[in-house]
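Each chain, written out:
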Amino acid sequence: MIISAAVAIADARRGKLGERVYSGRSRAIFERGYIAFKSSTWMVIVSGFVEPVLYLFAFGYGLGKLIGNIESGGLSIPYAAYIAPALLATSAMNGAIYDSTMNIFFKLNHDRIYHGMLATSLGPLDVALGEIGLALMRGFLYGVGFMAVVAPLGLIPSLWGILAIPAAVLIAFGFASVGMALTTYMKSFQQLEIINIFLLPMFLFSGSFYPLSVFPEWLQFIIKALPLSQAIHLVRGLTLGQINTALLGHAFYFVVMIAIGLFFTTKRLNALFMK
Amino acid sequence: MSIVDKRRGSLEIIDSKKIISRGSLYVAQARLTAMFKWVWMILAIAVANPVLYLLSIGVGVGAFIDKSAGPAGIDGVKYLTFLAPALLATAAIQGAIDESVFPTLEGFNWWKNFFGMNATAISGNQIATGVFLASLVRVVGTVVIYWFVMLAFGALESSKAWLAIPTAVMAGVAFGSITQAIAGRLKDENVFFVIFNRFVMMPLFLFSGTFYPLSSMPGYLQWIGWISPLWHSTELGRYLTYGHAMTQSMAITHTVFLFSLLVIGFFSSRRVFTKRLAK
Amino acid sequence: MSSPLISARGLTKKFDEFVAVDAIDFDVAKGESFGLLGPNGAGKSTTMRIIGATSQRTSGDLTILGMDPEKFGPQIRAHLGVVPQQDNLDMQLSVSENLYIYGRYFGLSRKFLKAKIEELLEFAQLEEKRDAKVESLSGGMKRRLTIARGLVSEPEILMLDEPTTGLDPQARHILWDRLFRLKEQGVTLIITTHFMDEAEQLCDRLVVMDKGKIMAEGSPAQLIKDYSTKEVLEIRFGSERNSEMANQLRDMCERIEELPDRILLYHEDGEVLLEQIYSAGLHPKTSLVRRSSLEDVFLRLTGRTLVD
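Chains as they are written, first to last, in the numbering used here: chain A, 1 to 275; chain B, 276 to 554; chain C, 555 to 862.
One thing to keep in mind: the hints can contain errors.
What the hints assert, rightly or not - Cβ-Cβ distance ranges computed for the label pairs, FRET-style:
#, chain 1, residue 1, chain 2, residue 2, range
1, B, Tyr495, C, Gln640, 53 to 59 Å
2, B, Gln304, C, Gly693, 56 to 62 Å
3, A, Val144, B, Gly391, 44 to 50 Å
4, A, Phe263, C, Arg735, 35 to 41 Å
5, C, Gln640, A, Phe37, 22 to 28 Å
6, C, Glu681, A, Phe37, 54 to 60 Å
7, C, Val573, B, Lys550, 29 to 35 Å
8, B, Asn384, A, Ile222, 41 to 47 Å
These are computed hints drawn from the structure, not numbers from a lab.
Note that beta-carbon positions come from the ideal geometry of N, C-alpha and C, so glycine has one too.
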């Protein structure tokens, strides 16, 4: 029998950990995304970065005039500097959720692209990691772009603020993996809407625009457990230079989200395509 | 055989005069039937949306603004009262866009059901009018619900407050009919939407005097308000719900602006639909 | 002959209570062109997906190239080229990018793919469309591209699920020609179809499937010989009279099938039979004499037509 290159490559993985779901080639999915991205409209990509900037100007400066300074961690902070990290965290979340829900849903149910991918020697974990990798890339670019706008405006008072970029990527990773896992269970666009219904209140009440202290204590407790609130506290701690061990806790929260999301995504892709 | 035996023929069973007079109502009925499949979802959003926004921004942000503004308040009132009419108009516009843009794209690009309707005796004008009427129903429902939520929050201070319902509805359907006409011309909607949402809707929402008076924005940004139906409707709403100061000529200007937009949108969407179907 | 490339024994697939594939046995030899013929819902596509190592069997034994697909999914898929029933090309990419990225899924090198893409574009007659978006291709072109994509890894086995459904006659003939060439190169083909002419053209050997079971097995010619007569006479008397006439004609031929719109009469010589009918004083509205096909075999085996 002729041993083709494809066969030799697949045989080399034999006996390795997770060989049935992972072939170590998620970069092929990543490469696909890069080629598709090249031919898509760059305006769409650029526009994703515009959203938080608009919010920053409208709220940070417009409302800031009416509100004045905000107390945070014992310091009095200009309103724009208070909401800037929240907007970065929120846009990391929105970008990751959009990539991992709408885009993935379309590929799962209409394009049938995954059927093609999984008919090759790739495994479902390759697909999941590759797609999430793309979401992270976008999150990273938006993070850098936003920082490039807000840092010169003096809204990042601490040098620790540079770590807000990797933090944004970590946040995007967490939301993308959980978002993708949920999407694999969805059957219609209307069910996807449910995710949005959950996102809006989270955005409105997670302490983006004012400290959680205005809420009664039981409500604060619930809000603090939500991922966006965790994300905002993580990024805000870094940009304002309020460094403490709680930040590690927030980061760990996202590590757990990533693990849970990846586990269920792989499991579901296996069930959907390998049944 | 039985089907053939009972055949009477279209000459006998179709009343073409009736179609000419009521065609757009049939289209509206079809749209409303589709809408009613999601009626609980639509109602839930219609209630949850105002409650969440009024609580988070009106009450939450309001607590800080009211503290810093002191007894003078914003435009003489609590921040919640100031903000509510703007959110009312925003909800009307958002609802109108949902019910005009998506059915239009569905009808022309996704399912192409408008071409099917047009293959019956129904005309392009009637399809456009039908879509408009269905979206009007949705907008009225949304605005009425919103208005009662405002009432519950104590954001209505004037006896003329009920008039804010028609002004918000007018802003909604005016904007909706314009986007209906635009959507009717789109061949490739994906890119357009992202751009439209982020470069048109988002700035309009944020810079139309929604969250603070237009006059407190830098002068070079104030033109956004003047071209924005949201601002015109918000101004009228503020006048009607709590007595925001307004000259008579300004009140007429706002009303005429919204009404003209509605007329332009309505007739251009009919034109666009007819042309697209005849192509 | 060496041991078969694919061997199934008692292969069964259930979806909850529904038995899609019901304890089937078959072997496929190297270089053979093997067909699964049957109507929609017969279990052909499910069988294909199990062979393609993207669906797990409920019970029974299956070896592909000596491996169990349950244990060696990725290794087996590396040997297969899959052409699914519905094209699942990547709409965001161009023709040549589709071939390239599919090769990358197998881990093939850029250098290897550069040459391979040229070869495949020529094979699929798509050289002029290399930079075109997939959306702009005709149905036949998309199908050829999907087949070319399936060949990017130089697979031992090419699996085609309904390769020509939905194509016009000219596009089908171009496609058949391409598949013949692959067969000449020694590629093992597994084809599902509900077109008997396609099965007759392409398959060395086939199984007729219905409701998850194998009804018969053999070469197309052998099956026709075993289950039908040499010729068939199709006649129509008009929708109301067909069944009444069928009763009168029953004794004149070997076998008779009454369909909603026409009557099929099985006989070694159709012209002779038609003359007998006329001399009996019967005058059908239309008549047609043709050779027996796999359609007739299927009708005989199941009492139903293939396309319904």
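We went through each hint and held it up to the structure:
1. About 54 Å separates the C-beta atoms of tyrosine 495 of chain B and glutamine 640 of chain C, a value consistent with the hinted range of 53 to 59 Å.
2. Judged by the Cβ atoms, the range 56 to 62 Å given for glutamine 304 of chain B and glycine 693 of chain C is violated: they are separated by roughly 37 Å.
3. Between valine 144 of chain A and glycine 391 of chain B the beta carbons are some 49 Å apart, a value that agrees with the proposed interval 44 to 50 Å.
4. In this structure the hint that phenylalanine 263 of chain A and arginine 735 of chain C lie 35 to 41 Å apart at CB is violated, the actual value being about 46 Å.
5. Hint check: glutamine 640 of chain C to phenylalanine 37 of chain A, Cβ distance near 25 Å, so the stated range 22 to 28 Å holds.
6. Hint check: glutamate 681 of chain C to phenylalanine 37 of chain A, Cβ distance near 26 Å, so the stated range 54 to 60 Å is violated.
7. Our hint of 29 to 35 Å for valine 573 of chain C and lysine 550 of chain B is violated, since their Cβ atoms are close to 55 Å apart.
8. Separation of asparagine 384 of chain B from isoleucine 222 of chain A is about 42 Å and conforms to the stated range, judged on CB atoms against 41 to 47 Å.
The structure fails to meet hints 2, 4, 6, 7 from the earlier list, while all remaining hints are met.
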